[in-house]
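Can you make the complete structure from the sequences, with help from the hints?
Below are the chains, spelled out letter by letter.
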Amino acid sequence: MSSLSSKVQEVFNEPGCGKNQGKSEKERKKGCTKQLQPGGAAGGCAFDGAKIALQPVTDVAHLVHGPIACEGNSWDNRGSKSSGSNLWRTSFTTDINETDVVFGGEKRLYKSVKEIIDKYDPPAVFVYQTCVPAMIGDDIEAVCKAASKKFGKPVIPINSPGFVGPKNLGNKLAGEAILDHVIGTEEPEYTTPYDINIIGEYNLSGELWQVKPLLDELGIRILCCISGDAKYHDLASSHRAKAAMMVCSKSMINIARKMEERYDIPFFEGSFYGIEDTSEALREIARLLIERGAPAELMDRTDALIAREEARAWAGIEHYKQRLAGKKVLLITGGVKSWSVVAALQEAGLEVVGTSVKKSTKEDKERIKEIMGEDAHMIDDMSPREMYKLLKDAKADIMLSGGRSQFIALKAKMPWLDINQERHHAYMGYVGMVALVKEIDKALSNPVWQQVRLRAPWEEQTWEEVADAAIAAEAAALAADPARKAEKRRATTVCQCAGVARGTIEDAIVAGGLTTVEAISEQTQAGTGCGSCIGKLDKILQTQDHWNPEAVAAAAQSQQAA
Amino acid sequence: MATVTTSKKSCTVNPLKMSQPIGSALAFMGVKNCMPLFHGSQGCTSFGLVLFVRHFKEAIPLQTTAMSEVATVLGGFENVEQAIITIANRQKPSIIGISSTGVTETKGDDVEGYLKLVRDRHPELDHIALVYVSTPDFKDAFQDGWAKTVTRMVEQLVTETPADAPRERDRINVLPGAHLTPGDIDELRDILDGFGLEAVVLPDLSGSLDGHVPDDFTPTTLGGISLDEIAAMGSACHTLAIGEQMRPAAEAMEQRTGVPFTLFDRLTGLEVNDRLIALLAELSGRPVPNKIKRQRSQLVDAMLDGHFHFGGKKIAIGAEPDLLWTLSQWITEMGSEVVGAVTTTASPLLEQVPAAEVLIGDLEDLEARARGCDLLMTHSHGRQAAERLAIPFYRIGIPMFDRLGAAHQTIVGYRGTRNLIFEIANMFMADGHEPQPDTWALPENTEHVGETALAAG
Chain A
1 MSSLSSKVQE
11 VFNEPGCGKN
21 QGKSEKERKK
31 GCTKQLQPGG
41 AAGGCAFDGA
51 KIALQPVTDV
61 AHLVHGPIAC
71 EGNSWDNRGS
81 KSSGSNLWRT
91 SFTTDINETD
101 VVFGGEKRLY
111 KSVKEIIDKY
121 DPPAVFVYQT
131 CVPAMIGDDI
141 EAVCKAASKK
151 FGKPVIPINS
161 PGFVGPKNLG
171 NKLAGEAILD
181 HVIGTEEPEY
191 TTPYDINIIG
201 EYNLSGELWQ
211 VKPLLDELGI
221 RILCCISGDA
231 KYHDLASSHR
241 AKAAMMVCSK
251 SMINIARKME
261 ERYDIPFFEG
271 SFYGIEDTSE
281 ALREIARLLI
291 ERGAPAELMD
301 RTDALIAREE
311 ARAWAGIEHY
321 KQRLAGKKVL
331 LITGGVKSWS
341 VVAALQEAGL
351 EVVGTSVKKS
361 TKEDKERIKE
371 IMGEDAHMID
381 DMSPREMYKL
391 LKDAKADIML
401 SGGRSQFIAL
411 KAKMPWLDIN
421 QERHHAYMGY
431 VGMVALVKEI
441 DKALSNPVWQ
451 QVRLRAPWEE
461 QTWEEVADAA
471 IAAEAAALAA
481 DPARKAEKRR
491 ATTVCQCAGV
501 ARGTIEDAIV
511 AGGLTTVEAI
521 SEQTQAGTGC
531 GSCIGKLDKI
541 LQTQDHWNPE
551 AVAAAAQSQQ
561 AA
Chain B
1 MATVTTSKKS
11 CTVNPLKMSQ
21 PIGSALAFMG
31 VKNCMPLFHG
41 SQGCTSFGLV
51 LFVRHFKEAI
61 PLQTTAMSEV
71 ATVLGGFENV
81 EQAIITIANR
91 QKPSIIGISS
101 TGVTETKGDD
111 VEGYLKLVRD
121 RHPELDHIAL
131 VYVSTPDFKD
141 AFQDGWAKTV
151 TRMVEQLVTE
161 TPADAPRERD
171 RINVLPGAHL
181 TPGDIDELRD
191 ILDGFGLEAV
201 VLPDLSGSLD
211 GHVPDDFTPT
221 TLGGISLDEI
231 AAMGSACHTL
241 AIGEQMRPAA
251 EAMEQRTGVP
261 FTLFDRLTGL
271 EVNDRLIALL
281 AELSGRPVPN
291 KIKRQRSQLV
301 DAMLDGHFHF
311 GGKKIAIGAE
321 PDLLWTLSQW
331 ITEMGSEVVG
341 AVTTTASPLL
351 EQVPAAEVLI
361 GDLEDLEARA
371 RGCDLLMTHS
381 HGRQAAERLA
391 IPFYRIGIPM
401 FDRLGAAHQT
411 IVGYRGTRNL
421 IFEIANMFMA
431 DGHEPQPDTW
441 ALPENTEHVG
451 ETALAAG
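Each protein sequence line maps, in turn, to chains A and B.
If you're matching positions, the first sequence starts at 1 in the working numbering and goes up one per residue.
If you're matching positions, the second sequence starts at 1 in the working numbering and goes up one per residue.
Source of the hints: derived by calculation from the structure; they are not laboratory data.
Any given hint might turn out to be false.
Stated by the list, open to error - Here are the simulated distance ranges between beta carbons:
hint : chain 1 : residue 1 : chain 2 : residue 2 : range
1    : B       : ARG54     : A       : ASP76     : 34 to 44 Å
2    : A       : ALA480    : B       : GLY258    : 51 to 61 Å
3    : B       : PHE422    : A       : PRO482    : 45 to 55 Å
Note that the Cβ used here is the ideal one computed from N, Cα and C, for glycine as well.
This is the structure in structure tokens:
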């Protein structure tokens, strides 16, 4: 087994991953090797994931070994911010050509590393593998080793070619690479009892700096943020931290867990999105540091800071309360960030539709996460008319969702706010929540909405009237024709990852007499991807008497007869 | 609703305003084979001339009665007479457009009387139209000079027509305000053309100052509307006036010929253009062309994409009343807030400008109001202010001497509005402030709870 495939297997067996723990031995062996649906796949590849994970390391030269497509089409597209070097934004690629494909690209790679070191003298070079050189057998690990030795500088191989899997896998493979080659290779100048790592935070839009002043005031030092605004030296010496926070995203769970294992750095999973979440995260950091030997008074100071900053944040939001009272927000996103903003939105007087949650206790959050998770991909395939119907049915005034749905929302002429990672505004910490509420106010109060919904002079009806009529006509047609209604129901895609239609699932349940979600997954592949449709699968099982009344009645009869 | 105030300062610093006579001269430049003539000293003409040359980057026809000190005191009849004869002989124009200046108005020259005398004495000049407009420098501003000149031309050059005279159903008069560029006029003509309507534009800068390479050298204006076309305006079926400043001209047209008019106070924005298109569809009896339908849809999309960048932005605008009105209304519709509005002269629209205050003042006043703004919009003289304030600067209006293409800056119609959205949104994007580690530093007066730890560290 090659080192790459064993690495991939290792990542799949990640014990820190809740999803893995829930799997049987057999399933675990299969790993997350679900095949992407040709023609139905969206999202980045493993190379993309690896690059995203490590690119925010600011002073390193990131060299992509591959044809121009991998780097040329994607460079300088991330909103991470740096407090120092901007070398990370300089794009380096070997741009291999036909000759390289025939004779191998290793020489070109080696020379590229040399040129970079000669011209830019970075503290390290990260070399990213891509599909084509992986196929022709370029051994980047050997090249990196040789270059490292020759030039006396760390040259780190990131072996995560695109075809091994999705973006998420690439995040983890990048983590493995720095665990193997970077972390623990240097020592910090000094250490304090207040040193922490933040793992899985990329400092997009400079968000980390919305929280850092709080930590600074408490005297807590971010030894290394992996990887937002990180410097190579910080990364290499991050193994001396006393505790770690893993930002609510599983993308780098392997780093957190292995650093705990190897260097005895305890970690917790937390979030800086939302006022209460921020407070909770600060308390957790203090708690872990105290456990590791920091003075207990740290907690008192943390509490004092939290009280002060929460009050400041609520006061900041208070200003918008009157303007936003009674407005309804429809929150749709697969991102883990959405549920953490619910409390702040509610505090600002907004009603969050699509959830019935009053205040976000931990259990409530889980529920919101479930609700959001299920609908995560739903809107990606929606037509503007469907989107319009959704917002209308929810009686929502504004939609908050991830980046890709924006164009549909906007075409449906609905106020929309981006809360995913491509966004340009920073929403972290206490100040970030106030900023979010401000942005919502700005979007809602923009007079442009009245304008764009005007009827064109040559139209008899507005766009909305046409849509309403079409929706009503469609509903009437469906009500009149049960067969068509069933057909439409059966045509909806339940599992976006594997592209499984509801009809397929219903047929499998009926044909195989399936009674568990696991059995459905086994039969149809539904629910084997991100897992967000598990709830839906369960609901289909529970509501069999609705969509298959005859069979249920027959089963009941035969049971009675028996 | 804005409070309209006038600057209390004695000294104007960095003027926003330009004088009335050059507005008048520019209007004459939209007439074919015309020689604009300033009745004043040489300097009055050369300053205006240089300003237009720098703005349009074209040869500008503009002559002067070259009033000397003595002539000024004794009265300028001889100078006016001499100038007309010389121009008639040399440039052989069809029309000479005469605008008075501060000097001759101060003296009180009776130019109307002079012209009668000239006519009496020189029957050989009968084929040349002589139009005179009183435009003292010390009163009103650029757009007033333009508007008065157009009104005067309507009164003097359009053939009187009875109200029930037969109309040409496919001919429309267009009276554009001084703030419309040759590009704007082209765009309007294009829109009308889509409905099978012929636009007769007075004045028509689109043929004269649109920056084209002429086939032949002419000492007068290069193109523009001909005297015959002006004379026949009374047989058009409708008049479109663009900008409140054009109301008197449109009224004069209606009075003289019975041609009804519709006044659009601006043509930048969605709703106003919807009204224009509806009117044109009604007048022409034709369906809206697909091209225009697509343009509207593109504009709606541009508004949606653009609103993210316009929302909540603070804008300072320095412009003449009708341009200020256009820009402030439009940018408010996009979600921005006009916090500084400075203009040059009175207008009935000023009180309705969507800003707390509209000041009749200068660029110094604008600079003071633009502090903390996200964008400054005014003519090229705003560049120093924008530099000092370190904010993005959108050049609009006359003069625009440090950029090319002033004549083609087009902001009317669905398409022009769409382009304006993109241009400004791109400036906002280019000005995006990069966050720094101390961007979200805690307020200075925060009572720090972390000092113990800092000491320990």
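Taking the hints in turn, this is what the structure says about them:
no., hint, result
1, B:ARG54 to A:ASP76: 34 to 44 Å, "holds, 39 Å"
2, A:ALA480 to B:GLY258: 51 to 61 Å, "holds, 59 Å"
3, B:PHE422 to A:PRO482: 45 to 55 Å, "holds, 50 Å"
When each numbered hint is compared with the structure, no violation occurs for any of them.
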